[in-house]
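> Below are the chains, spelled out letter by letter.
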Amino acid sequence: MTEGMPQKSSDALGAALLLAPALLVIAIAFLAPLARLAALSFSSPQGVLAAYRELLGDEVFWIVLRNTIGLAAIVTIITLTGGFALALALTRLGGGWRLALFAAVVLPLWVSVLVRTFSWMLLLERNGPINEAMVATGVIGQPVQLLFNFTGVTIAMVHVLLPYAVLPIYAALVKIDPALLKASEGLGASFATTFQRVLLPLSARGVATAAAFVFLLSLSFFVTPALLGGANNMTIPMLIDTFVNERLAWPLAGAASMLLLGLVLGCIAVIGRFVPLGGLAEAR
Amino acid sequence: MSTVSFRGVSKRFGVSEVLQPLDLDIRTGEFVSVLGPSGSGKTTLLNVAAGFLAPTQGKFFVDERDITSLPPRRRNIGMVFQNYALFPHMDVGANVAYGLRVRKISSAEIATRVARALQTVQLEGWESRAIASLSGGQQQRVALARAMVIEPDILLMDEPLGALDRQLRKNVQLEIRRMHLRAPRTTLYVTHDQEEALVMSDRVTVMRSGRIEQIGTAEELYHSPANTFVARFLGESNLIPGEVIDVASGKARLSVPGLERPLVGRAAAGVAKAMKAAAMIRPENIRLRPGGLHGRIVERVFLGEITAMRLVVADGIQLWSRLLGADVPQTETMDVGWRDEDVSILPDEARSK
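Respectively, the protein sequence lines represent chains A and B. Counting with our numbering, you get residues 1 to 284 for the letters of the first sequence. Counting with our numbering, you get residues 285 to 637 for the letters of the second sequence.
The hints are simulated quantities; they were obtained by calculation from the structure and are not laboratory data. The beta carbon of each residue, even a glycine, is placed where N, CA and C say it ideally should be. Incorrect hints may have been included.
Unchecked claim - Interface residues of chain A toward chain B, partial, derived using beta-carbon atoms under 8 angstroms:
#, residue
1, Gly57
2, Glu59
3, Leu180
4, Glu185
5, Leu187
6, Gly188
7, Ala189
8, Ala192
9, Thr193
10, Gln196
11, Leu202
12, Ala226
Model the full assembly from the supplied sequences, consistent with the hints where possible.
And the structure:
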């Protein structure tokens, strides 16, 4: 028993040593720039809070904020719906098919978001395959505008974020005993009832984790909205980009960044009340 | 409550025939268990009855109505699973009420019926307990209440006691039996445990490799098994292989190498002259008989009120005998005998049918 103590402290030392390199990288590459950005946001020549005052007083900021949250919300809803269906299919498919579908879900994670976004540009073009197919099958009379608007951004973002929804939901669904679904069906429940009363409550944590992932990632998504969105679909990350690259207004960029960070942290705090944050780590 | 019939039901998964075409009828209020080793097709049979599997061929009837293509939720079945399959996020009351809620029954009636169902399984007033706080036996009783509260036409049970420990299993067996006798309900009970099948059932169906080997009451199966497989599967038995000399008026004579006189016994169906067969004698029917077959005791197993002894009676012929403690001889040898009516001559190859 008494030997346990030194053992424990050497374990802690070992853990600290193992963590050190990663913590160092985070400190240098993430925390330091963040602190610098925070400092910049208060460094406006017009006064300490001038950048924030300018931002919050500008109607454009509020429109952009609404765009950002609206886009994130819609992308989250669509991704969760599709992700749940996919995850459910994964639990039902047999060996080979499951592997193939898993690959289809996970492999895109290894492809750069930039590449995937450009791919969607090709697909969604006015004369692209999607428009051609829809015209050919008579779904639409004429090619429709799918690029540089809300639709295009949403489609591509759902695709990019789908794995982040599928994986935690799948992890929750595989833990559900298949006999429960049989029991429910045997007792006379339709699939809709089984879904609502058994499947959804028992996978709620996975769904909440997925929702948190997708929503938070959507809020700060830059590449896809920037490349596929139109002038009316500006989001906060794009706004920050213009502050930095076009107006060289670092205090404004810093202030917008801090507000976005605050929004994300606020969301995490709210979600954390429903899902233990360890749940975010559960998603493999 | 209803009659149930499988007519020519078979099931094939790819190339493997899990169920060969079979017929099985269950009378109203009858408790029939399906007994067999794993892989015998018994769970497949249950899933066909529940509607989770469609038979490759054949039809399934409830009250003479063909419901082969009806999905499970339209069948009015009560199912009890080996791992209970209780909804972990609902309390006891909500679990039992589930099937009633789905049927859109008024909440006042649901409450009464749930309370009554819990009373039948002796969990009166346990509605608001959490499932995780119950023991295995209690969970299984909740599962029973949940299956019975919907007044199912058929009760289907898939090894419901498999996860319980031995003592508890015995208690629940008797409890299920009493419940069944109080309020008979057409029941199909799948198990690989022979004792369970014998204790609870009105009739037992023994299955092997997708076929029904025999259907009958526990007594019929025990005393007149159809073949060596059934004899071996139910209870302990001595099986002495030999060749049939002749069959006459239900009796057969079996010549056994190493024994001077042929063995005489009831001839099972399919036993014919000159075929390979086996004589079955239950160990409890092998009794002390001075001047009978001379046997050397090579093993004694103390089992409490009885002692089992392994006897060598001839070259290569061993018999197990079970005697009450007071009758057990303290000698190295004993003379044994049996009555001809306690001997069954069975087809040795169960497939010979």
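> Of the hints given before, which are not true for this structure?
1, 2, 8, 10 and 12
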